[in-house]
Each structure stands twice: as C-alpha cells, then as structure tokens.
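Participant: So the chains spell out like this:
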Amino acid sequence: MRMSRAILPVIVFTVLYAAVSLTVSNSYYQLMLTLVPVWAIFGLSWNLLSGYTGLISFGHAAFFGIGAYATALGQIYFDLPPWVLIPVAGMLGGIAGLAIGFPTFRLQGHYFALAMLAYPLAILYVFEWLGFQEITLPIKRDSPIAYMQFADPRVYTLLALAMLFGTILLTQRIERSRFGMALLAIKQNEAAAEAAGIDTLAWKLRAIALSGAIAGAIGGFYAVVLLVVTPQSVFGMLVSAQALTVVMFGGVGTVWGPVIGSVILIPLAEILNAEAGSRLPGIQGVIFGLAIICVILLAPEGLFWKVRDLSRKRAAPPSPASPVAHDPAAVNALPSKSTPRDRSAPADIILEVRNLSRAFGGLKAVQNVSFKLRRNEILGIIGPNGAGKTTLFNLLNGFLRPDAGEILLDGRDMSGRKPHELCEAGIGRTFQVMRPFLRMSITDNVVVGAYVRAKTDIEAGQLAADAIDRVGLSAIASRLAGELTTKELRLMELARALAGQPHILLLDETLAGLGHDEANEVVAVIQRLARDGMTIAIIEHTMQAMVRLVDSFLVLDHGAVIVEGEPEAVTRDARVIEAYLGKKWVAYAPH
Amino acid sequence: MTEALEGFLQALAAGLLIGAVYGLMCVGLGLIFGVMRVINFAQGDFMMLGMYAVFYLFTSFGIQAAFGNTIGPFVAILLAGPVLALFGYLIHLTLISRVSGTRTAALEGEGHYAQLILTLGIALVLQNGGLIVFGSVLASIRTPLSSSAWELGPFFDMSIFINKARGLDALFSLVTMTLLTLLITRSRLGKSLRAAADNPTAATYMGIDVDRAHRVAFALGTGITAIAGGLLATNNPFHPFVGIDYVIVMYAGVVLGGMGSIIGAFWGGMTIGLVQQMSTLVLPTQLQNAAIFVVFLLIIFFRPQGFFGRVVERT
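In the order they appear, the protein sequences are chains G and Z.
Per this note's numbering, residue 1 is the first one in the first sequence, and the count goes up by one each step.
Per this note's numbering, residue 1001 is the first one in the second sequence, and the count goes up by one each step.
Here chain G stands alone, though its shape is the one from the complex (with noise of 0.2 Å):
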C-alpha cells in the first residue's frame, strides 16, 4: 500500500505529460517536451549518487558524453541501432563509473567535487583532438523505426517520458531499501556509517555505477534525437550544470526535485530562447539566470522542500508544545543505586584491552591503555579534554589501528579490524557529533542502524522498533527528526546504535549539552539497558552524572590510565582532582 501511494503520482504526472505533449504540433514545442524528461533523468541520474550521498559531482556530462558518443560512433562504424546501442551506453557509463568512482572516492567534499570537474573535461579535449569535433548520425530513410528515427516527434516524447516513468519508480525503490538507507548513512556521516556495519565504499561504487549507467544510457538516447553530437554538446561544463542545475533548484535527495526542476527550467529557457533571444541576444540567459537566483533566495533547499515544509506547517496541530506528557522515560521512576542489578557472582571478561597505543606523529594520543570490560558492565571513562578519550573508543571500534597492543573481544583479538567488521562482531557506538536526518522520522533513522543485522527490510523494521521502544520513544516514532530536543535526538542515536543488536555499546558523551534533569532521563535509560543485560562504555568528561550511573570509572590523562576503580574512590584521588582543576585544587580535596 505504501509502495502504491507512492506509484500513484507518477503514473497521474506520465499520463497528463502525454496527454498534453500528444496536442503540441509544433515541432519546436515538440523537441522542448522531449528535452524534459531527458533532463529529468539525468537530473535523477544526479541525485542517485549526489542528492543521496551528499557527495557533489561536478563531472555527469563524462557518462552523458560517453553514452552520447558510444550511441553516434556505434551507428556510424558498426551500423548498429539505437535500441541496442543505448543499453550498450547504458553499461559503458556504468563501467565508467565504477573507473572514475574507484580512485575518486578515496576524496572527500569539496576535493571529491572537484576532481570529478576534471573527467569530462579531460575526455573532452581528447575527443576533440580526435576529430569528432561535430558527428552527425546517418538518416535511415529505409527503416526509420530500427534506428529511432520517427517521422512523428511526439514518439520520441513518449518514448523519452517511459524512461523518466522507468528511472522515478527505480529511484524509488532505491529510496526505500537497503541500498537507500546505506547512501543516506553515508551522506549523514560516513564515518559512523561504516561504524554502523555499512560497507561504505561497496555502496558507493554501486551509486556511481547504477548512475552512470542511467547517465550513458540517457546521453545515448539525446544523441539519437538531436542526430549531432559535439564535444561541447555533451562533455561541457555545461552539460554537468544542468544536472546541478534542475535538482537544486527542484531539491535535492528526493525523486521529485528532478522532474519539477526540469519541467520548469527547460520549458522556460527554451520558450525565453525563441521568443526574446533573437530580438536581443543574451536577454534569455539573464533572465532564466534572475528566476534561478530569485528562487534559490526564496527556497535555499529547492521548490520540493519548501512546499513540502509549508505545507506541512499548515497541516501540523498548532501547539506540539508539551509532549512531555507520554515520555516513557519520565514514567519510569527513577531506578537509582537503591535496585542495583545482581553484581554477586563476577561476570566473565567480555572486552578486554591490553597495552592499546597510538600516536599521531610525536603525540602520544593512547599510550599502554589495558582495561577489561566485564559482562553487564558500566564502565565510565572520563579525563579532560585531549584526554585521549574518543581515540581510545575510534581504536575500539576500528576507525583507527592500534600501533601496539591488543583488543580481545570474547577471547579472540580484533585489533586492526574494519568498523563494519566491528559491528558485525557486537560493537555498537554513538557519536559526539549527531548528524540526524532533520526530514526523516526517528523510525526511519533508526532503521539505518538494522540492516546490520537484518537479512530482510521487513527484519529491519522490526529491530528498528523494538530499539525504539527500549529508549522509550515509541510514542513519537513517526515523528521528523527536526522537531525533536536535544535528548530526544540523543536517544534516537541510542535506539540506532542498538538497532544493529550490539554486545557492547560504546557512547560517546551521550549527555552532553543536556539540561540537569534531561541527563537524569538519559541515565536512566541506560540503566535500563544494563539491567537488560547490555555492557556499556560510557565517554563524558562531567562527573556529576556518570557518579550514579557507572558500576567503575577508568580516567585518562594524556593519553593514559591514571585511576581505575569504583566510583566513590576515584572522585577523591587526588591525581583525578589534579588532571581536571590542576595541582593547587589538590589541597582542598576531602581526603
């Protein structure tokens, strides 16, 4: 049913495009319809490896130049149709998508945009210094039909809105499966993507080859209708903006900001280009150049989103103010050290560390760190900042490799392991840093967490919501990510880390930036997990909070242990009080 409501407004947009591209005569108009969806597909083609990942390629026209050459060259020396040269463009943009994307993924941000400037650009001074300044496909008078070659424009119209038909319902499969959720991670944070158990760069490389395959195969079909192909044409820089160009301004990471953006924008350069370019050259460029300013001041995210936040404003009840009300955290009291788990028998070693170090150039981040992590644990570990804190747990957890020492998980040694092979073994961990998705509901966050675990999606949803309900946010699950508090957001990033079924969690100052009682809240939900059996290590550098809560503190400074032991012995240590407040505190200390 879900998938049918979402079907629903393509199949009502394909039919009335049709309907109204079938009246056009005019074979300008015509062409303009054709131009569209061509786009459009592009456009999505785009957003499948840029809207969904967040990373921004400045180089689509290498795969739309590469389709659109493959298409003109097969027919030229191989007379080959367009109906099986187009599916060949299909894959040589696939292909070199995954050439390009191998190496190029290894950059990040704006490096990684940028060096994808290069690829097209590169191509396109080889093509032209090959000679294939401008091709012209062969005219087929005898079967005009085998080579695409209508007499009726309206038919490659149709035939440009069914692979646009096509390329929406297979964005939005993506969307909603595994290979969506995977992409959305990484966007959001590749690092706790990959901590997540997602194999970040396997995604990747299976974004940018589906999408330049879409590419290829689109750029393939543009060349068969506009019969002349020039490096320009299909390699420019301009070719790459327009991708750019309709997504951001429709909005990007959804299937719709394509479409609108292309249906809006070409349709107006074009008709600007014929009515007002021939009176005064130039004028068209400026004023479509004006509308996209104009729009992008009004709606910096795109047309889909801003429309979508109206009315969703419109549509949300006047005062969410107090939902307070139903916090099943709140509900349950307060369990404090009054009902203490069974703590008699000592639990078997789950996590134990021995001589961890690591350095970053001439700095000693973790130096002979050993600690163990018994069963149903809480271990606090505190120590000012630069303590060496979150180093230690990026070791843990893989993002990092040891330079000595080792980490036994259940008896065997995982140090120099991959994060996702961490998570696979039971490491779970937030982050200090939370990268939410402000436009998706908490549900659809914490599924992100699952898959991990979950052989199916159906699987998934069902981890997802049950770690929903273990931090108590059941009530407010559909809820969007944006409207919620601080501590909400920090349970939502509970509820993912648990999602993926972990032994061991690793949070990373889960309470920080909470008010007083918003921390109480939090602590209590995570005493809740230890009576549930969870072994939990806990990063904060405020004592306060984590007094009540842990069962032993372990304190770093610079990098290495000074005091382990139970709470009530380590808040006296003088070298703790010296490591926080410096030497002169010392002497107040109550002894």
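One or more of the hints may lead you astray.
To be verified - Short derived list, chain Z residues pointing at chain G, Cβ under 7 Å:
| hint | residue |
| --- | --- |
| 1 | V1099 |
| 2 | Y1113 |
| 3 | A1114 |
| 4 | I1117 |
| 5 | L1124 |
| 6 | V1125 |
| 7 | N1128 |
| 8 | V1255 |
| 9 | Q1286 |
| 10 | L1297 |
| 11 | L1298 |
| 12 | F1301 |
| 13 | F1302 |
In case anyone wonders, no lab produced these hints; they're calculated from the structure.
Where is the CB? At the ideal position from N, CA and C, for every residue including glycine.
Using the hints, position chain Z against chain G.
Facilitator: Frame of chain G; chain Z shown alone:
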C-alpha cells in the same frame, strides 16, 4: 640537441610567466574559498568583468590619453581592482550572504547546494548580461609591449625571448602577491580573516564578525581576480563567455595548492601555467588542456590535501 634544450627553456620561461598570472588569479579564488568555503562558479565571470573594466577604464576614461599605450593598461588594471572589489562586496552583501556564513547552519549540507546554484545563476546573468552590454565581438587591450620581446642571451648559441607584456604582467602579479601576503600575515584585518577561516565559531567568540570577514574576503578575492584578468587581457583577446575557460583553471590551482592556503593557491596556479606550456613540448596543442586535468587528477590522488593543505578530520 641545442634546439631541443632551447625549446625546453623557452617553454619553461613561458610557463613561469603565465604561471605567475594564473597564480594571482587562483589566489583571488583561494581567498574566497579558503575563508568562506563557498564554491563560487561566478569567479570566472568576475574576472571577465575585470577584463572589461580595464578595457573601458583604459579606452573611455582618458587613461589611454594621459598615460599612453605602454603604461596606460597597467594604470587601468590598478584601478579595476578596487572597482571590482566594490562589486564583489555588493554581490556578497545582497546575494551570497543570504545562503552562506552564519545563516546556513540549519540548511541541508550547510547551504552548499544553495551556494552552488546561486553562483551558477549569477554566472549566467553576468555572461549573458555581458553579451548584451559588451557585444559578442572579441575585445583586446592593445599595447606595443605584447608584440616586442626582450632577448636573454645568447648563451651557448641559445636565446630565450621574453614577451615584454608577459614579463611585466608577471612582475605586476608578483608585486601584488607580495603586498597581499603582507596584508594577510601582518595586518589586523588579515588576522581576523585567517581566524574566521580557521575556526568560524571560535572567531565569533573572540569578537570577530565572521560575516563581515567573509564580505571582506569576497571583495578582496574579487578584486585580486580582476587584476589577474586585466593582466591576462593585455595578451589575450576576450569575450563575455571567457570566464568558463578560466574558472576551471582557478579551481584546479586552488585544489592543487591545498584549499585554504593562499600561498598554496599561487603555487597551484603556477603549476598549471607550467604544465600547460611544457606539455606543448610532447603533446599536440589540442591536448594542452587535457594535460592540465590529467596532472591535476594525479596530484590530488597522491596528495589529496594539496601542496600546502592539512588533513583535518573529526568524528
């Protein structure tokens, strides 16, 4: 043998001269990018405006009459810098600041999407507006210097010829670069720019107005790029769409140097000038630009942080 060496030295000299101007061009963008982290696609078109500003200042504002054809263009270039800096200041004030700086914290991807498309829109307006205002005819700034050369040598039967206009352009560029470096490293203004670039949040706490620092950087970067454009214009004819060709060179230079490093951007631009000129020794001229992009890709694969950049990551 001697001939090959002579060709090599000649290309090296040409590369260094053009590289010095490319370097300055990249520094303009590097300033904006380094301080604001905004990808500005209109930078090439700001440079185009700089070229036309020099052209009109030179021909229509009496500079040609007052200073003559030899010194006149350089006087016009000197004036075009502040004119375009003012333009950049206004563009930031009215448009860019709405989707960047402290306002964008709440936007998807910190507003990068909005910045990209906004600057693409500005680029479209400037290019096509330029077509309307300036016309599609190639413009050029004529100076007798561009058709004469200094001869270095002969040493061992070899002579290297230095085009006088290119030589002075490079010198002008180096002087501008030196002054800019002094401004950035020594002055209070420069320090606040660097602070805003390094850590905007901390800079705010130190009482630095980050949005104002951005505006100053944007103005300064635009002015510098306009000066570089003016220097290029003394040798190369130009048209309203010339920006697209150069904006790519600028980005390549900035990335090569390491984003955020101003001196790095200069060396990045220099590298591109050298690669472009030296590649003609082994490759056909049409592949000159392909060579730039291949070298660019190779360098960022082996040193993704650029020559002068640092790797900063935080989980």
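Participant: Each hint should be assessed against the structure and marked as holding or not.
Facilitator: Status of each hint after checking the structure:
no., hint, result
1, V1099, "holds (5 Å)"
2, Y1113, "holds (5 Å)"
3, A1114, "holds (4 Å)"
4, I1117, "holds (4 Å)"
5, L1124, "holds (3 Å)"
6, V1125, "holds (4 Å)"
7, N1128, "holds (3 Å)"
8, V1255, "holds (5 Å)"
9, Q1286, "holds (4 Å)"
10, L1297, "holds (5 Å)"
11, L1298, "violated (10 Å)"
12, F1301, "holds (6 Å)"
13, F1302, "violated (10 Å)"
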